[in-house]
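Bring the two chains, given one by one in their own frames, into a single complex with the hints.
In the order they appear, the protein sequences are chains A and B.
Quick note: to get the numbering used here, add 30 to the position in the first sequence (first position is 1).
Quick note: to get the numbering used here, add 83 to the position in the second sequence (first position is 1).
Hints may contain errors.
Per the computed footprint, the stretches of chain A lying under chain B, defined by three or more beta-carbons under 8 Å from a beta-carbon of chain B, are [claimed, not checked]:
1. 450–464
2. 485–498
Ranges between beta-carbon positions, derived for each pair [claimed, not checked]:
3. B:I346 x A:L499: 29 to 39 Å
4. A:N129 x B:H452: 40 to 50 Å
5. A:A267 x B:D303: 20 to 30 Å
6. A:S120 x B:D303: 53 to 63 Å
If you are wondering where the hints come from, they were derived from the structure by calculation, not from laboratory data.
Backbone N, C-alpha and C define an ideal beta-carbon position, used for all residues, glycine too.
In case you want the letters, here they are:
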Amino acid sequence: MKKAGSATDPLWYKDAILYELHVRTFQDSNGDGIGDFPGLISRLDYLQDLGVTCLWLLPFFPSPLRDDGYDIADYTSVNPTYGTIDDFKSFLAAAHQRNMQVLIELVINHTSDQHPWFKAARNAPPGSPERDFYVWSDTDQLYKGVPIIFSDTEKSNWTWDDTAKAFYWHRFFSHQPDLNFDNPAVMEEVLKAMRFWLDLGVDGLRLDAIPYLVERDGTTCESLPETHAIIRRLRAAIDAEYTNRFTLAEANQWPPEVRPYFGNGDECHMAFHFPLMPRIYMALRQEDRLPITDIMAQTPPIPDSCQWGLFLRNHDELTLEMVTSDERDYMYFAYSADPRMRVNSGIRRRLAPLLDNNRQRIQLLNSILLSFPGTPILYYGDEIGMGDNIYLGDRNAVRTPMQWNSDRNAGFSTANPARLSFPVVMDPVYGYQSVNVESELADQSSLLHWTRNMIALRKLFQVFGRGTLEFLSPDNRKVLAYLRHYDPASPSREATATGTARVTSPNTETILCVANLSRFAQPVSLDLEEFSGMIPVEMLGYVPFPVITDQPYPLTLAPYSFFWLELQSTAGRAS
Amino acid sequence: MASSPINTASASPESDMPAESSLLVHLTAVSPESLEPALSNLALAFPNQSFRVAIPDIAPNLTSAHTFNTLRLVPYTPPAPSTTFWVLTAADYFNTYRLAQEHNASACLLLGADSHTLSPESIRNLASATLSHNSDLVVSHYHPGPHEGLLNSAILYPVTRALFCAHPRFPLALDLGVSLRMAERLATQAQRFTAANQEDALLWPVSEASVAGYTITETDVPRRSAPPPATTELNALLALIAGSLFSDIDTKASFWQRARNTIPPRALEIGAAPTEPLDVKAMLESFHLAYSNLHEIWALVLPPHTLLGLKRLSVMPQEAFRMADSLWARIVYDFILAYRLRTINRGHLLGALTPLYLAWVASHLILVHSGIPPERHIEELALAFETDKPYLVSRWRWPDRFNP
Chain A
31 MKKAGSATDP
41 LWYKDAILYE
51 LHVRTFQDSN
61 GDGIGDFPGL
71 ISRLDYLQDL
81 GVTCLWLLPF
91 FPSPLRDDGY
101 DIADYTSVNP
111 TYGTIDDFKS
121 FLAAAHQRNM
131 QVLIELVINH
141 TSDQHPWFKA
151 ARNAPPGSPE
161 RDFYVWSDTD
171 QLYKGVPIIF
181 SDTEKSNWTW
191 DDTAKAFYWH
201 RFFSHQPDLN
211 FDNPAVMEEV
221 LKAMRFWLDL
231 GVDGLRLDAI
241 PYLVERDGTT
251 CESLPETHAI
261 IRRLRAAIDA
271 EYTNRFTLAE
281 ANQWPPEVRP
291 YFGNGDECHM
301 AFHFPLMPRI
311 YMALRQEDRL
321 PITDIMAQTP
331 PIPDSCQWGL
341 FLRNHDELTL
351 EMVTSDERDY
361 MYFAYSADPR
371 MRVNSGIRRR
381 LAPLLDNNRQ
391 RIQLLNSILL
401 SFPGTPILYY
411 GDEIGMGDNI
421 YLGDRNAVRT
431 PMQWNSDRNA
441 GFSTANPARL
451 SFPVVMDPVY
461 GYQSVNVESE
471 LADQSSLLHW
481 TRNMIALRKL
491 FQVFGRGTLE
501 FLSPDNRKVL
511 AYLRHYDPAS
521 PSREATATGT
531 ARVTSPNTET
541 ILCVANLSRF
551 AQPVSLDLEE
561 FSGMIPVEML
571 GYVPFPVITD
581 QPYPLTLAPY
591 SFFWLELQST
601 AGRAS
Chain B
84 MASSPINTAS
94 ASPESDMPAE
104 SSLLVHLTAV
114 SPESLEPALS
124 NLALAFPNQS
134 FRVAIPDIAP
144 NLTSAHTFNT
154 LRLVPYTPPA
164 PSTTFWVLTA
174 ADYFNTYRLA
184 QEHNASACLL
194 LGADSHTLSP
204 ESIRNLASAT
214 LSHNSDLVVS
224 HYHPGPHEGL
234 LNSAILYPVT
244 RALFCAHPRF
254 PLALDLGVSL
264 RMAERLATQA
274 QRFTAANQED
284 ALLWPVSEAS
294 VAGYTITETD
304 VPRRSAPPPA
314 TTELNALLAL
324 IAGSLFSDID
334 TKASFWQRAR
344 NTIPPRALEI
354 GAAPTEPLDV
364 KAMLESFHLA
374 YSNLHEIWAL
384 VLPPHTLLGL
394 KRLSVMPQEA
404 FRMADSLWAR
414 IVYDFILAYR
424 LRTINRGHLL
434 GALTPLYLAW
444 VASHLILVHS
454 GIPPERHIEE
464 LALAFETDKP
474 YLVSRWRWPD
484 RFNP
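Only chain B is shown next, with the shape it has when bound in the complex (with noise of 0.2 Å):
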């Protein structure tokens, strides 16, 4: 760990405060504007209990402190600064383990950017699961709608339940409860790159509860809503996740292959139908004409099965557009034994992995429109990615380019 100290002040005054919890609240990104509406929220979540609230670089003249007055405000200034505020980062993980040090903390709940839009129930919900002892990392469970998060149902989600046997629906949440002992795990990794000036580096935080076996829980939170990624470009954006989540399954190979728990059925919510149009013409404009122009980079990273099964997909009409799940399943995979393998330079095949992404995301929309509830289909997904897990040990252990 680095050594420098978290510069903080106490805002509120000692006297007067109820009993005080032993959870710190880490607001780990949050807007002069958006900071009284949050805070008033955590004081509805906890109106009998006091606890500190971390604020990275926000002045504690609030207008109306005396409302809050069971929460000790904590402004600091971030040892380890971060510019992104759509995510958790490595910086924010850093940031909250030196906090939880400084005042004791026995547990940790950081909040996301945007957190003034969760409700006090959301909040209270996910205090006491991670207060509870038998939880090391409680992880929001948000329910967007179905044209919605859906990077994180095509590959963060399946990929992290089928390799790491752990069931959050979002293994990327930006709201997480963490025991001190996962604050220390987290800020120990987030330290290899805040070493290397990559504060804005994600973190997995389910692996890597996961391969210290710690217990995770999930928290459902109804309504969040999500603060833009810094980037709209999509190219951009899944070279960024998936990148840094292929890299994190490169270096826990040695545990997510040996890990075999299955994970039970997940009750399922049937959720409204989507209300927005189908309009998937675009996608499948990208994903034809990469069918023309990558198909020989394609042809590098993915066996001849495979590339059949691309090509008879490049030839389905709109209405019939259906990619199978276990085709989709052994493309992730095998991009993923790609990454692993540096096949050919990571930019450009993450690049290449954008175009069968969104022909996958037609494809899922299509179904959704037809009346299939999008979370039927994204467990069915997620089950494809249990079966082939196999097929992904195998390739990985023996990476021979003569396969079926």
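Chain A extracted, bound-state conformation (with noise of 0.2 Å):
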């Protein structure tokens, strides 16, 4: 039976919290070393308590767990090791209990080697239906030129199999073929694997690797017009049978590039903002805020029911795809002195270790992921400020178990340490007898109580979803200063007005963030002349600031501090 998504209204996703946790590193409930749905259910109080309002759960179906999970072996049922199918449709009742929606993965680009359905294609004849569920070629010579993504271990796209004496095509490691989609069969598959989940109740669907769909020689076969059409026929089947669903796109490309995945508001509701992220970083050690201003001056408009997924880590590298030859290099020096810490195109390391565990710039850089123009989406443990492990390896240093107390494996499960997926992050820094929840819980003054503060904060104000964002120009590039604003009654983002009636007609939301990028204090003065007359309110503490002349608006700035401005109008304070 179909059963209906939690979510009412149906731009939800706008106003979400999103939290990234994989089942398999989050609570063991059974002792077996590794995580599972019971634990998670038993954790859900806790993100609720966070004021997460989505979790996105990383691949949990059958594996070899050559990937990470991204390897699957079927895709509608859960890997044994974390539950049952009736233990998946436990917590996810038990999180919509909690207002809590549910995203999931669809991995639809490649399966693992030990899908029945590769299975099959290697021993079927070619030009068979079987055999058409990926891409074979005679020679590794077609498609020539695309890059190859996980350049570390792999020397081609192209991978020679003896069983079906033909090379098959990934773009991602050897042992995950992908699926071909000119075959209408696979097509069918993917549908039914995806009203599998939804029908369960399912929230969302993050579309992992889209670009890669399909293949045509002479293009990079990324982001081809036979891809986007997939997508639509994905999206329209939702349309037409579920409500308030969404789907987000892993597209790692420029803006203008992942634009048409977002079609006319036909293909996906949601797409990570990917350049944005190490340019946050990038400003923060420059202390200059270009980097910043200069991607999102070349991020296009979006249509008005989608929305940029942001972020500042994930369980993946940090990722310098989109960044240019010298900015990875200026990255590499900046966040990577190690040469472990680096993999791929990225950096394997954690939010609190890449800017050192200071404090100060953990809660500057997520100010301005909870305040710009997006949904923004947390990694599991970065709100306790877990460390990493870069003796792990591939990406798995960020994913270690999380840090709940200082017992045994850091409360994530009983069983013997030597027996856990991922051993606990143990050095005297990050280690978990002094980084874990129950700690933090306790500590009034920690990072897990300022990041459920600032969410919290966050949620109440619509703007910060919904609104538009514009830049202010201050002579000191030091300092970061932008302008959200809100109008519910305006048609569209493009259409709402500026200047100051754009505040004083009921139920705006006008509001100033300014941010320091640097280490020492900076003077700013801002221009805001259109909003003479009006009050900042400083949002955290409800504080009133000086009056707004047509005069340049002075503020001071400690090290690595930022402001949220609400601006209200003088007549309608209560005091």
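What follows is the structure, given as structure tokens:
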């Protein structure tokens, strides 16, 4: 039976706070050293208390786990080490009961080489329906020049299969053969898998590696028109059969190239803004707002029903594909002194270690994440400042177990520590004895409490998820200043009024955000003339600042500090 | 909305009826013995107009039905039954909208228990305001004695006024007029509770109307006897009412933190001086006992400055006992915040509020018996809540324990 989604507002994903986690490393309930759904259910109260509203689960399907679950061997069941399909249903119901939505992965570019489809394909004769589920060639010269994504591991996008006596195509690891979307049967199977999870009541689907679905010779095999046609078919099926669900595109591309993934509001509801993330780190290290303002200037408008997904860190490396080679070198020098911190084209470190565990820097970057136009995505453990383990292979440095308390295995599992899927972090700075949820809950001044308060504050104002963005240009480039504005009555972002009227019309929200990217105190004068007569009210403490006049508005910012100021009309203030 | 239809049957003949009003009157709780007087007052209120009167679960075998030929009785079996009669409940709002839909009503009057004590004039005023097209919510303004309705005066009125910028003096009034869209909105809220078998849950129509941007008006109801609450145990009553209000505040935080209108000063009635003797001894004893026993719990909820204020209060003699309005406002605001944060078990939290409330009541009554008109003090208190609203907003947004 088809279950309804849990959200009531069709645009709920714009106001959401996403929290990315891996069932495998979040909480183990049965002492086998591997996280599971019953364990996750037991931690839902924590997540609800944190204030996140949508849980993004990394792949939890049957898999050989050679790519952390992105090598799927069965699309419609649960990896037995994490639980059963009934456990998943219980989790989904428990999350919905707490008003939290659930986003899962739809990994359709490729499967595991252990998937029954691939096993059948390699044994089937060329041209047969089974064989056609994947992309085969007698030569590895087809699609020449297409970039290799996992360049540290793979030397070619083609791998010879002795059984099939042919090369098969893979954009990622060689054990992840790409599905052949030129075969209509593949699309039908993908739709079946999608419906399976949506019928259970899942609220969202992250479309993994979505630019690579279709291959054509003489192209980069990325973002082809045929790929967009497939996305539109998925979206049409969702719109026709379900309500209040959403899709999130993983397209690691420049903003103008990601823009087509929104289509005319008929492709993906959301897409990650990949290039913004490294530039936030770059701006911080260079103490210069230019990298941020520059990439946002290159970001085209998107349809009103669409949204950017913003993040500081995730389960992969801090990807540096969307920067110039000079910028990449700078980032390596700035953030990965030890070569072991690097993998592929990126840096495999968590948020806190990237920022030298500096609380002010962590807060500053989170303030940008929470106030920029888009839906913020937190990576599990970053809310308590968890560290990483660069001695683990691949990107597993940032996939260590959640640190709940200072007990054995950080409270993640009661198993013999040697049995854990990944060891818990034990170094003197970030080790679970000092960095854990229990101690931060007890410490009113902890990063966890700060994060919880900031999330709660953001949720009070729809402007953060739905409003327009406008940068100010003060002379001091160490200061990033921008206005967010939302008028619920406006038919679209583009049609939103500008000027003083936008603040005084009813129900509008106008917020001035000012961030000091420097390690030293900074003065700044802002041109706020159009808001003359308004009062900026500091939002965290509800503190009124001096009235804005037609003169430059002076502010002084402490090192790495930020202000969120709500512009209020003087007439309406209660006190 | 649940789809079960309301079981209704017409009790009066269709013929010889004057023009029928689009107003539906819903007597949400009426006992068999008070039905006739209630209908009699309704008939007197509108001698030349016919309208429907919905009555739950009462057979229309009235001895003098002919007397009420302008009334078209609509007995019905409530799809959402409520066992609480002293206040309007989720079930009442849910049933009202269902009835309004079934009978194509454009507006409804909800008259609570003991509605037979409402004068025809009061009913007429309520109905006129409801049908005026300018009002989505018409709230009764009662005139209780100096010793009555004090929970409303101490918490419900000042908090609702300050947070939701709404003027009704009785946010939990027992007699209301609602437009069809207001009835629908309330029914939608009510359904959240009725679907969870919480038919007796309280709703807060004033804050609901404020959030929706609907028009709210007040109508004078000079006389009306209030039905006794289900329990006379103050702890339980305060927990029920304040708990419901605090939950509602939590739900609507994104609205009230941005609501900044100020309420114009109310024209105050002087009212009669209290005739009852002043007896606050038990209240003060309760407060003093709690000051020794509950201090540790209060310390979890209240900041040092407030605790200092309570310490000073605890050593005041009865003659000089006076709780400052701003102290009470901050106490209530800090309890609202602690309720949201679940600083301690919510039941225990509200229990710890009771002796503080009694201290406020004692202080208020001492003041009133000294010659200060009660309404003047209530208005001053409401102003103190408005003045200190930024305190609640800042505490809400940054609930750090390290505060003044």
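Against the structure, the hints come out as follows:
With 0 residues carrying a beta carbon less than 8 Å from a beta carbon of chain B, the region 450–464 of chain A misses the three-residue requirement, and the given coverage is violated. Residues of the region 485–498 of chain A lying with their CB closer than 8 Å to a CB of chain B number 6, which satisfies the three-residue condition for coverage. Checking the proposed 29 to 39 Å range against B:I346 and A:L499 shows it holds: the Cβ atoms sit about 36 Å from each other. The given range of 40 to 50 Å is respected by A:N129 and B:H452, whose C-beta atoms sit roughly 49 Å from each other.
Checked against the given bound of 20 to 30 Å, the beta carbons of A:A267 and B:D303, roughly 60 Å apart, lie outside it. A hinted range of 53 to 63 Å for the beta carbons of A:S120 and B:D303 is consistent with their spacing of about 55 Å.
The structure fails hints 1, 5 (numbered hints given earlier, in ascending order).
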